[in-house]
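Asker: One-letter residues, chain by chain:
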Amino acid sequence: MQIFINESSSEIENGTRLFELRGKLKPAADLLLVNGHPVSDDLSLKDGDRVVLIVRGKVPTEKELEALLNVRHTSAVHEKIKNSCIGIAGAGGLGSNVVVALARIGIGELIVADFDLVEPSNLNRQHYFIDQIGMPKVLALQETVKRISPQVNFTAIYEKITPANLNKYFSGVDILVEAFDEAEQKTLLISHFLREFPQIAIVAASGMAGFAPANMISTRKVAKNLYLCGDGVTAARPGQGLMAPRVGVAACHQANAVLRLLLGEEP
Amino acid sequence: MNLCVNGQSRDYPTSLNVEQLLATLELNRDQVVVELNREILVADKYVDIQLKDGDTLEIIQFVGGG
Chain L
1 MQIFINESSS
11 EIENGTRLFE
21 LRGKLKPAAD
31 LLLVNGHPVS
41 DDLSLKDGDR
51 VVLIVRGKVP
61 TEKELEALLN
71 VRHTSAVHEK
81 IKNSCIGIAG
91 AGGLGSNVVV
101 ALARIGIGEL
111 IVADFDLVEP
121 SNLNRQHYFI
131 DQIGMPKVLA
141 LQETVKRISP
151 QVNFTAIYEK
161 ITPANLNKYF
171 SGVDILVEAF
181 DEAEQKTLLI
191 SHFLREFPQI
201 AIVAASGMAG
211 FAPANMISTR
221 KVAKNLYLCG
231 DGVTAARPGQ
241 GLMAPRVGVA
251 ACHQANAVLR
261 LLLGEEP
Chain B
1 MNLCVNGQSR
11 DYPTSLNVEQ
21 LLATLELNRD
31 QVVVELNREI
41 LVADKYVDIQ
51 LKDGDTLEII
61 QFVGGG
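As you go down the protein sequences, you meet chains L and B in turn.
Each residue of the first sequence is one higher than the one before, counting from 1 in my numbering.
Each residue of the second sequence is one higher than the one before, counting from 1 in my numbering.
Any given hint could be a false lead.
Said to hold, decoys possible - Pairs of lysine-lysine residues, derived as DSS-like cross-links and limited to a Cα-Cα distance of at most 30 Å, are as follows: (1) B:K45 with L:K168; (2) B:K45 with L:K146; (3) L:K80 with L:K146.
Please keep in mind that the hints were generated in silico from the structure rather than gathered at the bench.
Bound conformation, chain B alone (with noise of 0.2 Å):
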């Protein structure tokens, strides 16, 4: 499955949901804000939504301070 996560193209051997992914990417999942071909996400969503091949991410970290 071949995925663009902020503009680089991946492959990935499995298929992942969003969970997945961003356990694989070490993210995280309560601090990134996570866009699926332009659509944000909400976190309690992640573990249904199943990503396809060709699906674009944006994955937006924060850190903390304000």
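With the rest of the complex left out, here is chain L (with noise of 0.2 Å):
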């Protein structure tokens, strides 16, 4: 019968059994899955089972962190997450969070912009470290996808993002991430992008300032291919600063609604 095993597909015979899989290849595997779930006591294996073989503490290779994901996900839906390409405008609290989210989920390519060095004051909510300040953040994230998800085609753009190079640097994506700072900015770059490229989603955000509940904030649809993350009203202000929770949470809606549209589903 077929099955995979860390993703490649073998023929192995009738009725063979887990443990008896793992002994003929790789006896010091102390994590089994099968389709996806852990499996802990003896199995009969069937035609088409997935099965991955982990040696807890061993750092995987990149093609088994692929078949880990594959697994994970399902085929179907890895492939299309696989195979996109995703622009990232802005690699402040919402764009570094969001690169993150996108990373772990093994998205294709992403192509990231943002001309900013990491600062101490970023450390409240953005990804970075203590050990990245003074890095171009494109360059500090690069470094963190890196060590998150090797697979991952990093495109760093160290340069501020205006309507005059906009074309330059996404017209080649399957979804647009706005993670601007300022409103003015985030406007400028969402009515440019929509006429440029009518055909293209872009998953924008606006208002997750403060500690306000969490709940107010959602994502909906608010034109055509726009879709906006966020409360609309908390803007940062003195008293009323940017986060690491709300700020989360507006980039994971936003992460969030990437994944969904690249799935075929409404945000």
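Taking the hints as your guide, dock the two standalone chains into a single complex.
Answerer: In structure tokens form, the structure reads like this:
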């Protein structure tokens, strides 16, 4: 019969049992996944099963990591995620967290643009580390993504995004994430991009400052191909600063909207 | 002139361009995205676009923070 072992199709004898397979291929494996679920008891394998054998504590190869994602997502879903290209304009509190979420699910290609350096004041909400202070944010993120999902193809653009260079960097994306800070920059980016590329969806954000209830933050369609995440009203201002929890909620709303669009669902 | 703005019907005594409509609504022209009859507008054109009876607009406001 035919099964998949670490996502490679393999012919095994009918009636082969899981522990027997482990004994032959990877006796040290102490984490066994069958069709995405951890299994602790021996069982009889069936045609079409997907088996992943893992040695805990040993760093898996890129191929093995990919296999794990594939099993977790199921192939049809994973193929769509892996073959997608997402643009992220801005790598601050929203952008850095969106990038990390999308990297973790194994998006094939991320194109991230930002012109800023990592500063100490960013650490309260942005996905950077003390030892990255002073680095261009896009390069710091590239480093982080490599540590999470080395198979992700990451393009870092250390440049200010303007209507003039928007086409150059983002014309080939499947979806664009707007992750700027200032309202004026957000509207400029969105209106230019939607006019240039009316067929490409934008997932934007507005309203996630302070510590109002997280449940005020929602994802909604506000125009053709324009989705908005946030509460729409809480602007960053003195006394209502940006903080990790709500910015993170909004960023993950954006990442989930991207994922749903890729899978053909309305966000 | 009757306009549908964000799903609400509104009557205006005089003809307006997009820039004037935003001023009437007390909206900051640089912090909104305007969709007129399902087409996104660029801000440079707000003064040139004269609204007509029956036009449908979606005006999406943005606040700072990210």
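Asker: Would the pair K80 of chain L and K146 of chain L pass a check requiring their Cα atoms to be no farther apart than 30 Å?
Answerer: Holds, because 21 Å separates the two Cα atoms, which is no more than 30 Å.
Asker: For the pair supplied as a hint, K45 of chain B and K146 of chain L, confirm whether the alpha-carbon distance does not exceed 30 Å.
Answerer: violated, 43 Å
Asker: Quickly compare the C-alpha distance for K45 of chain B and K168 of chain L to 30 Å and report which way the hint goes.
Answerer: Given pair K45 of chain B, K168 of chain L holds - Cα atoms ~23 Å apart, limit 30 Å.
Hint 2 from the list above is the single one not met by this structure.
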